[in-house]
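A.B. asks: Below, each chain spelled out in residue letters.
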Amino acid sequence: MNPTLFIKFVSVSFQKQVTYRFDCFVGIVNGFLYVFIFTSLWKALYSQFDTTMHNGYTLTAIVTYAVMVMAVRISFTMDDSIIYRKVMDGSIAMELVRPTSFFFMNLAENVGNSLFHMMARTVPIALISVFLFDIYIPFEVQRFLVFIVSFIAGYILVSMMNFIAGLLAFWFIEIFPFLLFKYAFYTFFSGGIVPIDFFPEFLKALVKLLPFQYMLYYPTTILIGRASLAEAQSIIAAQLIWIVIMGVICSLMWGAGKKKLIIQGG
Amino acid sequence: MESIKIYLTLFTTSMKARMEYKASFLFYIFAILTFYAGQFGLLFILLNRFHEIKGWSVGEMVFLYSLQAFAFGFTNLIFSQLVNFDKMIVDGEFDRVLVRPLSPLGQVIFSKFEVSTAAHLIIGSTALYFGSRYGNIDWTLYKVILFPVIITGGVLIAGGIRLMVTAVAFWTLRNRSLVHTVIFSSKEFINYPVNIYNVGMQFFLTFIFPIAFINFYPAHFFLDRSGAGLLHPLLEMGTPIVGIIVITASIFSWKAGVNHYQSTGS
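Chains as they are written, first to last, in the numbering used here: chain X, 178 to 443; chain Y, -11 to 254.
To be clear, the hints were calculated from the coordinates, so they are not data collected in a lab.
Heads up, the beta-carbon is just placed ideally off N, CA and C, and yes, glycines get one too.
One or more hints might be untrue.
Unchecked claim - Computed spacing ranges between beta-carbons, pair by pair:
1. Y:F172 <-> X:K385: 27 to 33 Å
2. X:P180 <-> Y:R162: 32 to 38 Å
3. Y:A5 <-> X:P301: 41 to 47 Å
4. Y:L86 <-> X:I422: 51 to 57 Å
5. X:L210 <-> Y:A25: 21 to 27 Å
6. X:T229 <-> Y:K131: 36 to 42 Å
7. X:F280 <-> Y:L109: 37 to 43 Å
8. Y:G80 <-> X:I350: 22 to 28 Å
9. Y:A5 <-> X:I329: 41 to 47 Å
10. Y:R162 <-> X:K385: 42 to 48 Å
11. X:L406 <-> Y:F172: 36 to 42 Å
Could you build the full structure based on these sequences and the hints that come with them?
C.D. replies: Right, dumping it as structure tokens:
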């Protein structure tokens, strides 16, 4: 797909979001609510012990993790039922005749959506949090650049996960239960709430086999300085491998889905 | 009396409609159970590491969760249609409700049966069993009698809040994000004992947005715990009274909304 067209789609999807200003304000409150709950939880847990370090995290480190992982997660906000709705109302047929790649169209739509959430929600929530909580992030230009790369790789993985979940609409009339599964796995295994370092050994072994940790946990550890720059390189390499694996799954499913496609009266 | 019969017919019809697809019904329940299993899983990981949360042991936390699961389970059963109420207004479907010789609120409430209730009741009962066992609850006759009273109070609080935020749609039309924040995200607050939050938030959750009465305060009574945080012994028994206050206020706001209502004309 050519880049100008991609950017065009991104900006259309971005502008669609701008129309809902009230939703945006509520979205800030909603995101901050989670930040508040989890920072309070960690503070309460840490206050029970004299030891200041748990599983490699000081209180400042864990509060920073809680805030930043939520910031990353909110920046990754996308509408995971776009494909489902297109199948339901039959407009998916239009996508099939377009000369552009459906995957990249979908990615562009997600990016527009997420960029909006990043500017309208992540930025204010991060700013408020910096004032309210004890947060420490190392300021190194190189680290920040590496983080951006890992962040984008994580974003592509989340987008692929949603693409796969959305394609299930080609086979099933109701995909809400699948989205719920996806949400549960994503929240749990990506370190979205509790960092993987706190998981018991048997779960850590399981997490290693799954792509979820590369979506939120690893990009966040790079940002907050838990992963060294050398480690960051192997993290990004692993992310790229997962992008290839999930990319193959996406294209196989898309190929099979096109043949299977049943449109409800559309 | 005649109207009660009509409500019941509405209710059973919608229930039958949902049960039509048995496989999808069971799958949906399973998905919801997985979602909550993930939440419990994270809680167990934390408790495994930190043993307790501000003086609440695993068993007591599980009991806290059971009160919440029961209250929200029944709230979903009764007040589920309210989640998508703004759509009824925007699509003009509410006009149809108004021309019928039945209470608009009754019609809206009985027009949908939410299957997630079954999942909540499974979770609530399981949590109640393990919570009683590991939280060492001494089930006296008095407690057994008061248990359903407390749950009912919790339903009135959660349902009343739902009705109030739904009524906002009469003024703003679309209020989906607000509804989701107030109904679903705010639930996260009481996944943990309320005394982990700062005093300001405890005050808010007790007197302004009183969801602490759904599980935190009454749990003290069942677990024979003495007070912590903002707790006054009187608050332990406050749930039914607060429930009545909230539901009364919410019915007034709904009625004000209906009076204010002007069709969108669609």
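A.B. asks: Look at each hint and say if it fits the structure.
C.D. replies: Hints, verified against the model:
1. Y:F172 <-> X:K385: 27 to 33 Å: Once the Cβ atoms are compared, 32 Å apart, the range 27 to 33 Å for K385 (chain X) and F172 (chain Y) holds.
2. X:P180 <-> Y:R162: 32 to 38 Å: For R162 (chain Y) against P180 (chain X), whose Cβ atoms are near 34 Å apart, the range 32 to 38 Å holds.
3. Y:A5 <-> X:P301: 41 to 47 Å: At roughly 43 Å between Cβ atoms, P301 (chain X) and A5 (chain Y) fall inside 41 to 47 Å, so the hint holds.
4. Y:L86 <-> X:I422: 51 to 57 Å: For L86 (chain Y) and I422 (chain X) the Cβ distance comes to about 55 Å; the hint holds.
5. X:L210 <-> Y:A25: 21 to 27 Å: holds, 23 Å
6. X:T229 <-> Y:K131: 36 to 42 Å: holds, 41 Å
7. X:F280 <-> Y:L109: 37 to 43 Å: Between F280 (chain X) and L109 (chain Y), where Cβ atoms are some 41 Å apart, the hint holds.
8. Y:G80 <-> X:I350: 22 to 28 Å: holds, 26 Å
9. Y:A5 <-> X:I329: 41 to 47 Å: holds, 45 Å
10. Y:R162 <-> X:K385: 42 to 48 Å: holds, 43 Å
11. X:L406 <-> Y:F172: 36 to 42 Å: About 39 Å separates the Cβ atoms of L406 (chain X) and F172 (chain Y), which means 36 to 42 Å holds.
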